[in-house]
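Chemist: Based on these hints, arrange chains B and C with the ligands on the given structure of chain A.
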Amino acid sequence: QETVCIFGTGDFGRSLAFKMLQCNYSIVFGSRNPQKSSLLPHGAEIFSYSEAAQKSDIIIIAVHREHYDFLKELTEVLKGKILVDISNNLKINQYPESNAEYLAHLVPGAHIVKAFNTISAWALQSGTLDASRQVFVCGNDSHAKQRVMDIVRTLGLTPLDQGSLMAAKEIENYPLQLFPMWKFPFYLSAILCVFFFFYCVIRDIIYPYVNSKKDITFRLAISIPNRIFPIAALTLLALVYLPGVIAAILQLYRGTKYRRFPDWLDHWMLCRKQLGLVALGFAFLHVLYTLVIPIRYYVRWTLKNRTITQATAKTQDLFSTSTAWLSDSYVALGILGFFLFVLLGITSLPSVSNMVNWREFRFVQSKLGYLTLILCTAHTLVYGGKRFLSPASLIWYLPSAYVIALIIPCTVLVIKFILILPCIDKTLTRIRQGWE
Amino acid sequence: QETVCIFGTGDFGRSLAFKMLQCNYSIVFGSRNPQKSSLLPHGAEIFSYSEAAQKSDIIIIAVHREHYDFLKELTEVLKGKILVDISNNLKINQYPESNAEYLAHLVPGAHIVKAFNTISAWALQSGTLDASRQVFVCGNDSHAKQRVMDIVRTLGLTPLDQGSLMAAKEIENYPLQLFPMWKFPFYLSAILCVFFFFYCVIRDIIYPYVNSKKDITFRLAISIPNRIFPIAALTLLALVYLPGVIAAILQLYRGTKYRRFPDWLDHWMLCRKQLGLVALGFAFLHVLYTLVIPIRYYVRWTLKNRTITQATAKTQDLFSTSTAWLSDSYVALGILGFFLFVLLGITSLPSVSNMVNWREFRFVQSKLGYLTLILCTAHTLVYGGKRFLSPASLIWYLPSAYVIALIIPCTVLVIKFILILPCIDKTLTRIRQGWE
Amino acid sequence: QETVCIFGTGDFGRSLAFKMLQCNYSIVFGSRNPQKSSLLPHGAEIFSYSEAAQKSDIIIIAVHREHYDFLKELTEVLKGKILVDISNNLKINQYPESNAEYLAHLVPGAHIVKAFNTISAWALQSGTLDASRQVFVCGNDSHAKQRVMDIVRTLGLTPLDQGSLMAAKEIENYPLQLFPMWKFPFYLSAILCVFFFFYCVIRDIIYPYVNSKKDITFRLAISIPNRIFPIAALTLLALVYLPGVIAAILQLYRGTKYRRFPDWLDHWMLCRKQLGLVALGFAFLHVLYTLVIPIRYYVRWTLKNRTITQATAKTQDLFSTSTAWLSDSYVALGILGFFLFVLLGITSLPSVSNMVNWREFRFVQSKLGYLTLILCTAHTLVYGGKRFLSPASLIWYLPSAYVIALIIPCTVLVIKFILILPCIDKTLTRIRQGWE
Ligand SMILES: Cc1cc2nc3c(=O)[nH]c(=O)nc-3n(C[C@H](O)[C@H](O)[C@H](O)COP(=O)(O)OP(=O)(O)OC[C@H]3O[C@@H](n4cnc5c(N)ncnc54)[C@H](O)[C@@H]3O)c2cc1C
Ligand SMILES: Cc1cc2nc3c(=O)[nH]c(=O)nc-3n(C[C@H](O)[C@H](O)[C@H](O)COP(=O)(O)OP(=O)(O)OC[C@H]3O[C@@H](n4cnc5c(N)ncnc54)[C@H](O)[C@@H]3O)c2cc1C
Ligand SMILES: Cc1cc2nc3c(=O)[nH]c(=O)nc-3n(C[C@H](O)[C@H](O)[C@H](O)COP(=O)(O)OP(=O)(O)OC[C@H]3O[C@@H](n4cnc5c(N)ncnc54)[C@H](O)[C@@H]3O)c2cc1C
Ligand SMILES: NC(=O)c1ccc[n+]([C@@H]2O[C@H](COP(=O)([O-])OP(=O)(O)OC[C@H]3O[C@@H](n4cnc5c(N)ncnc54)[C@H](OP(=O)(O)O)[C@@H]3O)[C@@H](O)[C@H]2O)c1
Ligand SMILES: NC(=O)c1ccc[n+]([C@@H]2O[C@H](COP(=O)([O-])OP(=O)(O)OC[C@H]3O[C@@H](n4cnc5c(N)ncnc54)[C@H](OP(=O)(O)O)[C@@H]3O)[C@@H](O)[C@H]2O)c1
Ligand SMILES: NC(=O)c1ccc[n+]([C@@H]2O[C@H](COP(=O)([O-])OP(=O)(O)OC[C@H]3O[C@@H](n4cnc5c(N)ncnc54)[C@H](OP(=O)(O)O)[C@@H]3O)[C@@H](O)[C@H]2O)c1
Ligand SMILES: CCCCCCCCCCCCCCCC(=O)OC[C@H](COP(=O)(O)O)OC(=O)CCCCCCCCCCCCCCC
Ligand SMILES: CCCCCCCCCCCCCCCC(=O)OC[C@H](COP(=O)(O)O)OC(=O)CCCCCCCCCCCCCCC
Ligand SMILES: CCCCCCCCCCCCCCCC(=O)OC[C@H](COP(=O)(O)O)OC(=O)CCCCCCCCCCCCCCC
Ligand code: HEM
Ligand code: HEM
Ligand code: HEM
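Residue numbers (my numbering), protein chains in the order written: chain A, 166 to 601; chain B, 166 to 601; chain C, 166 to 601.
Pulled out of the complex, with its shape left as it was, chain A reads as follows (with noise of 0.2 Å):
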């Protein structure tokens, strides 16, 4: 039975001794007033700072980095002891070093360990550890920080080995962020949505409004939506595949792959899975919003009234077997489409993917994702149809919305058609060889 020891008796202190206690650890608590109270945990000692440092090797430090001046007078104490700082600050840098080397050079002579900081009070306590189970760890003492990963361990938690204690601001700034990697897909498609939906208002709403006075505003409820939403989610399909494409022209004008990408390419690079994911909601809106077009008053209304008008003329219309085709070809060519997007999803999984080796991985993201996008494009392509280009679909000299959707994804498509033309794909082959 282990003895581990933890300054401070405030909500993160008590807590971890309560998990530490049902993990059959000994505990003994530091307090400024060491007087046992009714909410520490059952089977904890309480001493004052420096009596309690003297039970264990191993010292726990629940305490604000506010108020940390008072280990400086424990130095002595302290020396060669086993320090873990599991404090985390209120904003993202807020001091110029890290709270842990901070604490390096208040008490010089002991082990400092980051680790800890990412877990929650309130989690340790009820047991429902939902979010990360994830403890980084790190220090520049590796038997120190060994023993903590063991502690670690022996929570149920798991141990991730960040390295030296320079990697403690990075694992400080870890609880304070928002998603992070999602910030540019977010920001991108809220410029995309808004573009487009001014630009969808002004063909659909205004100009209709302006030339015959017809009050349609409530397309803006699923009509405009079912514009932009697809829209976006090819746009964000064809920008995932991009970087790929530059990334290739780049080494082959390079001749070499060692040369490192601009920043924004190797950014853009590592935030296509997310650009990805978000493509994969937009679809999944278009799909809902398109399925249900059926049930909307609005569509239900306009059949009838057409219907009645050609009962009450006595005519019928001729079955055309080219629209037939091109109709059913551009909803069948859309539902593989998304269901292949919806492959890709499934496979971004983390337990998924752990379990696929690279080559699977890259086959399903890579060739399955290139057929996605030629699925989606051609999508759009025959639900164009004969109206693409038409100049009887411009509108104010504006051009339906999808075809400028199509921009994008064709250009990647035909680069990356040329990109696979044998001699082009040797030598690029050659240039990558050895990475996979």
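Possibly wrong hints are sitting among the right ones.
Identical copies go unnamed one by one, so any copy, or any two together, can satisfy a pair.
[What the hints assert, rightly or not] Derived PhoX-like pairs: lysine-lysine, alpha-carbon spacing no greater than 25 Å straight-line: (1) K256 <-> K378; (2) K591 <-> K422; (3) K348 <-> K256; (4) K379 <-> K201; (5) K479 <-> K469; (6) K237 <-> K220.
Since the hints were made in silico from the structure, they are not lab data. Note that the structure is predicted; figures quoted are calculated from it, not measured.
Modeler: Just chains B and C with the ligands, lined up with the frame of chain A:
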């Protein structure tokens, strides 16, 4: 090459030996009749119990608890050895003490470790470890526990330290459980469904039958479920966020977070995840039932006949912009609500939630969760639209079912709105400080 | 700070060094021409092969197997050291013996450990370890293996002990595999699709063309796939549960569970998960294809014209309650079946199945699985409804495709029903006892 001894040549003993031999252990069986059988895995040796025990200091007891008595006689030989208890029972809490503790009484000098009982013999043998790979381990001697956990890890399984031998009872009950956390959500939703089933049958089937002798029992297949399921979804979703609101009121009233919540509230808060997922299931069903509406014979027939009637009478309905707005908006709200609902579901997947930090997890679950609730409630309110609370929609003094369904969500939203008023929120934040 | 030596300054050597330096190891390169290059990660030293070998007792051989010969001359220096073989081949089973065993022959005195071959250089360097983080490790010396596994763990990867060096062959083949377990399901479903494609083309396209010269080839886009996919889904679903039934009959016949199943049955049983997921994919496609039915031009045209015809003739169809019942029930059955199908899919996700115990997993997979099969079969039966087996639906003596599709599911369900009759079930349970 470590030697491990297994007592008992039954199914589990053999399967475990088979797996351990694959991982380079050498295996010695102890048996009542020590003769090589063709069933024993190739490479294992077999001896009498007492002989076998001398060959190794780790002994796995692959024998049913009912036959443990013979171990008593081996007390001498087993002194200081590590005995691994892997036994299961047939019923939860079948015996007053756990099997492992019983074994500890029988063989006082040995170090007892509980492990492996959650793994099935068939899974070990066939290699399809599809269900849990987690092996819960407990024991009083930490060195012995460590040895066993090393073996577990070598076999490709995940050891989870559960503390002292007192945890054995819980570990033994674990494989006998059938979704314990899902019981309450399941029964609750069953009750909801039954109640609303009868409510809707009375309003939508019995009343028309009594009033106008119309046989519309076929509504039982789709129309009625498509009332019950969304109502259950909405109610359950509201019940997910109700306990948080109650907890806040309680904490405000008490002025401290340090008094425990009543048991029912605690339990309720711990199964919110399950409640939410069941709600998602119902919402999914609602969406499917809604999307098939235009395929239904009844709907097609109605639409056709209405058109024919109007065509014959040569009248056309006027287009109502306000109806178009209402119809499109409630559908759009439903789609957006469902989309966020699915996002909540995705972040509940263990592998995804393990990748996000607390702040991100609570952002999705709490902020987006409330947004989902708002959208779904708005969807229902706008669906009600003009008919909402109109006396004409009362049938036998009963309001429409969705009016009842709106009570809890609206209550939750109103209280939550009060709680986030700056003055109250500040007090609450002060009280809760330190939990995350 | 541990020192690790890496032989070879190629892509993999450098990437690994880069990662290990981040994790606080100190790195020494061995190279043919030991001169510092700007490509080498900052902080690493470089020597000749023999010099470098003396600096550490762990040496990672980041050299292609084809160039191993120079190691022979270093035999003396390498005596007693741990050599980590990380090499891959270009083809499965390219050499008669595995690279690691070949290395062991070349350098007799060293401890060979196979590891790291599943990790891509690019992934190490860029940090996007999206595919598998699992590192399979094998070797004859357990201490050496332990050392390597510690390194693996420190790098944030998951080591999996695979036993002795004999496992190296399999480990080397692993990264060259492309979904081996999915091959059989894939080919099977391809065959099914092709067969039913021609079957349906004959019945639904060629026959009308021959008979009445109608060009309805546009059906190839949606109508025909929407026959093929659900039929494939249903058949595959039945084939998931067929082997269990065959196994039961075999065990009943043999009276024991201890005789191995024939190989084909074994293999079939091991790829039931994949079969089931492919079936889910087809079912998903069927659902999408079904939900777009009302959007199709052909369907709208047909409905409109039928309405106009009736309106002109001033007739109205009578409402048929039995048709309403049949139509609504088969759709409802389909929806419920699909819902359970999706649940089965969700529990197959590795992270979810890892959270449930055996009893729960088998409850979902076996009980709910059969319920899914029953619902889907009933869906098809009721869809057939009155036309089912009616001679009028025979075309060129061929029955409707779904009639053929029903053969296997019905057979499975009937046999299963017989197997769970109390008398037979008791015998079977007795035979199988001890497996879980
Ligand atoms: C729904 C959806 C989900 C997605 N999920 C993910 C995800 O989970 N993870 C993810 O990473 N992406 C994901 N993506 C993004 C995308 O599918 C992948 O990034 C895909 O691999 C890009 O393929 P590519 O052929 O353009 O890349 P590449 O052509 O491979 O990219 C070109 C450059 O990248 C380098 N490179 C990239 N990977 C490797 C490698 N393994 N070995 C050697 N060199 C390499 C090459 O050197 C080359 O310079 C997702 C996309 C979508 C639409
Ligand atoms: C589809 C779906 C899926 C869901 N999946 C999950 C899931 O995977 N996991 C899950 O837990 N819930 C899940 N839920 C339930 C729900 O979303 C969460 O419980 C949500 O966090 C509740 O938010 P709240 O704002 O009401 O909670 P809170 O307002 O946080 O609850 C109030 C009380 O809880 C305490 N509390 C709760 N969490 C913390 C914390 N981290 N730190 C400090 N104090 C805390 C506070 O002290 C306070 O007393 C799911 C719901 C749905 C609909
Ligand atoms: C969408 C979908 C997803 C699926 N995902 C999975 C998956 O993730 N993993 C998976 O394995 N299957 C999966 N399946 C396949 C299928 O659901 C399971 O294989 C299911 O357990 C078969 O049930 P059964 O009753 O026919 O098997 P059984 O009747 O159990 O099979 C009969 C034989 O198997 C032996 N047996 C099998 N399992 C056990 C056990 N645990 N203990 C003792 N004996 C056993 C019995 O001895 C018996 O001889 C999936 C199927 C679908 C449709
Ligand atoms: N709460 C969480 O969820 C969480 C999560 C990760 C990390 N952390 C980190 O854990 C540390 C403690 O957090 P906490 O929530 O436990 O805080 P807390 O409840 O405010 O407790 C802080 C404790 O520090 C001690 N202390 C020593 N000198 C002090 C001084 N001059 N003024 C005030 N307190 C002093 C006090 O214990 P005595 O009275 O016994 O001396 C006090 O109980 C923080 O660094 C925090 O960032 C917390
Ligand atoms: N790249 C990957 O993604 C990856 C993944 C898993 C496994 N692997 C394995 O790692 C090993 C190395 O792959 P790599 O991609 O790093 O290959 P590489 O870039 O071609 O490097 C091979 C290195 O081997 C050394 N070498 C020694 N004798 C040699 C000789 N006679 N001819 C050529 N080179 C010689 C060279 O280093 P010096 O010039 O310094 O002597 C050279 O840099 C291979 O076995 C490969 O299968 C690679
Ligand atoms: N099967 C599973 O999937 C599984 C999973 C987890 C845990 N377990 C646990 O593993 C233990 C063994 O299960 P099992 O399925 O292997 O049972 P089993 O097939 O019935 O084997 C029990 C073995 O116990 C030995 N034994 C010693 N004294 C005995 C006596 N008086 N009567 C009968 N047998 C005696 C026998 O081996 P000798 O003839 O060689 O003496 C016999 O083969 C049980 O505690 C069970 O709860 C099983
Ligand atoms: C029908 C299609 C349904 C698609 C649903 C829409 C999906 C929208 C995608 C957005 C997902 C964002 C998750 C955010 C959580 C997060 O940040 O999670 C954060 C983590 C880690 O992120 P970092 O890489 O930034 O660290 O990301 C993940 O792990 C993302 C995994 C997401 C997987 C999405 C899987 C979609 C699966 C679809 C399966 C569906 C079948 C459906 C069939 C109908
Ligand atoms: C289209 C939406 C599809 C929604 C499908 C319906 C979902 C129904 C939810 C019920 C799931 C129950 C799983 C039971 C297994 C279990 O008990 O699992 C048990 C485990 C552990 O349970 P405990 O917390 O009780 O220990 O639970 C889980 O881990 C639950 C994770 C479930 C995650 C559900 C995710 C839904 C994801 C939807 C992704 C979809 C994209 C779809 C887009 C169209
Ligand atoms: C709406 C339903 C949506 C269904 C979507 C279609 C699913 C198609 C299934 C094919 C999945 C193949 C994955 C291939 C990756 C792989 O090879 O992965 C390989 C790994 C490991 O394979 P091995 O067992 O062969 O080693 O397999 C898996 O882990 C498979 C897990 C797949 C889980 C599928 C889950 C479907 C979940 C649906 C959730 C949805 C809710 C949707 C609600 C609307
Ligand atoms: C189930 C799958 C799908 C179906 C049934 C489907 C159906 C449709 C339909 C009916 C339209 C015409 C909408 C209208 O009339 O306003 C359309 C348009 C479009 N779809 Fe899809 N689609 C699917 C998937 C996708 C996917 C995955 C993408 C791309 C990522 C996509 C991209 C588009 C685009 C860009 C348009 C043109 C939008 C416009 O300007 O009106 N679709 N789709
Ligand atoms: C894709 C998403 C959705 C769509 C298209 C949709 C559509 C509809 C439609 C068409 C109706 C009217 C049904 C009828 O006429 O009988 C309805 C009713 C309703 N919906 Fe939704 N909905 C969606 C999502 C949701 C969600 C997520 C919830 C709540 C959790 C919800 C809750 C309700 C409720 C409570 C009703 C009233 C049921 C009644 O009494 O008839 N819906 N929805
Ligand atoms: C949301 C769920 C489902 C709905 C709404 C649905 C609906 C339908 C509809 C409308 C048809 C008739 C198609 C036609 O007229 O051509 C059909 C046929 C069929 N469905 Fe489903 N279904 C569902 C799920 C399933 C599932 C899960 C399966 C089986 C795995 C299945 C198997 C079949 C089969 C075998 C047919 C007959 C195909 C033929 O020969 O035409 N369905 N379904």
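Chemist: When the structure is checked against the list of hints, which entries are broken? Sort them ascending.
Modeler: 1 and 4
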